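Following the hints, put chain X in place on chain S, whose structure we already have.
Spelled out from the first residue to the last, the chains are:
Protein chains: 2
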Amino acid sequence: MELWFTENHTDNVRFSIKIKRQIVNEKTPYQQIDIFDTEEFGKVFVLDGYIMLTEKDEFIYHEMITHPAFAVHPCIKNILVIGAGDGGTIRELTKYDSVEHIDMVEIDERVVAVSKEFLPFTACRLDDPRVHIFYQDGMEYVRARGNEYDLIIVDSTDPLGPGTSLFTREFYSDCFKALHEDGILINQHESPFYKNDAEAAKSIHGKIAGVFPIALVYQFHMPTYPSGHWLFGFTSKKYHPVGDIRCADWDTLGIKTKYYNTALHAGSFALPNYVLEILQY
Amino acid sequence: MELWFTENHTDNVRFSIKIKRQIVNEKTPYQQIDIFDTEEFGKVFVLDGYIMLTEKDEFIYHEMITHPAFAVHPCIKNILVIGAGDGGTIRELTKYDSVEHIDMVEIDERVVAVSKEFLPFTACRLDDPRVHIFYQDGMEYVRARGNEYDLIIVDSTDPLGPGTSLFTREFYSDCFKALHEDGILINQHESPFYKNDAEAAKSIHGKIAGVFPIALVYQFHMPTYPSGHWLFGFTSKKYHPVGDIRCADWDTLGIKTKYYNTALHAGSFALPNYVLEILQY
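Listed in order, the protein sequences are those of chains S and X. For the first sequence, position 128 matches number 122 in the numbering used here, and the numbering has no gaps at all. For the second sequence, position 229 matches number 223 in the numbering used here, and the numbering has no gaps at all.
Since the hints were made in silico from the structure, they are not lab data. Bear in mind the structure is a predicted one, so any value in this text is a computation, not a measurement. Check each hint, because a few of them may be wrong.
[Claimed, not checked] Subject to a maximum C-alpha distance of 25 Å in a straight line, what follows is the list of computed DSS-like cross-link-like pairs (lysine-lysine):
id, chain 1, residue 1, chain 2, residue 2
1, S, 50, X, 50
2, X, 196, S, 250
3, S, 171, S, 231
[As the list claims (entries may be wrong)] Over 12 Å on every C-beta distance to chain X, these chain S residues come out as not near it, computed from the model:
id, residue
4, 8
5, 24
6, 50
7, 69
8, 110
9, 118
10, 128
11, 142
12, 164
13, 167
14, 232
15, 274
C-beta atoms are modelled at their ideal positions from N, C-alpha and C, and glycine is treated no differently.
Same shape as in the complex, but just chain S (with noise of 0.2 Å):
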């Protein structure tokens, strides 16, 4: 027998992966809910049908939407976390001694208690005790805030579902108050390349770009999403994503990466000419 797992990367293109078994499926007030263990990729978690990470291939996207920020901002004490239920991003986070708070605000409570039990890989550091987790709506959290956080993250999901409210343009505008003054927010960004992700791209782009004085996209290479041309956004009200880079700083840190450096960090805002046409940069 063989077991095989689809996803839709759009309705002509279809990508699957053999299946060991299946370990979860459940339908939460918000989303449905799949792990698979799998040859190739290890544990895979899905969300309504879309692959949402692999073992074999998180740790770039976990990395690459958390040490940017570190490598140029001077000090980052103070984080909210928006999603993440998995626990990769916080995971990253904690690695840096000089961060003191995270909040993480996750809608789906089952998200963290599935991920604690069955993905351990990038659950493992949910329990820090600089961690706090808000089981309740990202973008109610943020509006009820002001001028508290170094750094903001929204690990969100593609803009459909549960996590609509976090591509709105009000949202960015919340964030933008929620920071300190030097803050950063770095976001999910989609795909340039299927016609549907550009499109999110784009319209993710013009919104933010209309609320923050410097809005920058990068890139990096995600072999399990759609077309592995992925993008974050690097949104900030003072420092610049690769003009203030302290890459000395940041490598006398010591952090051990599998996927970021310095060096990619700078190449990563170096985008193909396609991409900066659809961002009209």
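Just chain X now, kept in the frame of chain S:
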């Protein structure tokens, strides 16, 4: 009715494209050629079951295999291209007025013939008077050359089937001999992500670095290749691909590109840690 083409990226990973119709299905003395028409990618050109190019993203591969050498070497006149029967590499090379002579060595005459008939978007410049096509084995052709070329491009298939000899140390030594004293070799370098591809990338780099004084690798996003994370080698007798880049000179040429630009050129040589480890830089 639905018709789907599936490529096995590994034994456990499949990539499938919805097909409108099959245009070519031909067994040559060297390989199986298929061409499909698709909604998502336009024409899709397949050799021995592996996607060689699609109309939607071939520009990425063909721009990245050609333009970096021209932004570094001040005067490329004589070029040898091995493989590349679809014509996409030739299309990009013929954008340069400085180019005087291009020898193209393609083992399979039928690849050129079907490309001219069905892939005009890549084959459009194969009749340029500067292009001289030889239908023979690339390795044998190079063996007989000495001090003739400014640039050699090895636009090969994977290290399987008719392309195998293009991945030997002997072949790279013959390329060294065939190049001028400031010559550059650009080669298809596989991918770092899936095990077999990564082993090939490691093997290629080890062999080339044993022959040329400068042997570096650069990366790009190739959505229809396995993992979307693909590599080319920039190997050189004299010029460093980043240290010797002449951005202003290249920009002055006014070459139109959809992926390549000189900022991205420099950035593409900044590799992730896990790739550096595979290549043992």
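Hints, verified against the model:
no., hint, result
1, S:50 / X:50, "violated (28 Å)"
2, X:196 / S:250, "holds (22 Å)"
3, S:171 / S:231, "holds (11 Å)"
4, 8, "violated (4 Å)"
5, 24, "holds (29 Å)"
6, 50, "violated (9 Å)"
7, 69, "holds (25 Å)"
8, 110, "holds (27 Å)"
9, 118, "holds (20 Å)"
10, 128, "holds (33 Å)"
11, 142, "holds (33 Å)"
12, 164, "holds (32 Å)"
13, 167, "holds (31 Å)"
14, 232, "holds (23 Å)"
15, 274, "holds (15 Å)"
Checked against the numbered hints above, the structure violates hints 1, 4, 6; every other hint is satisfied.
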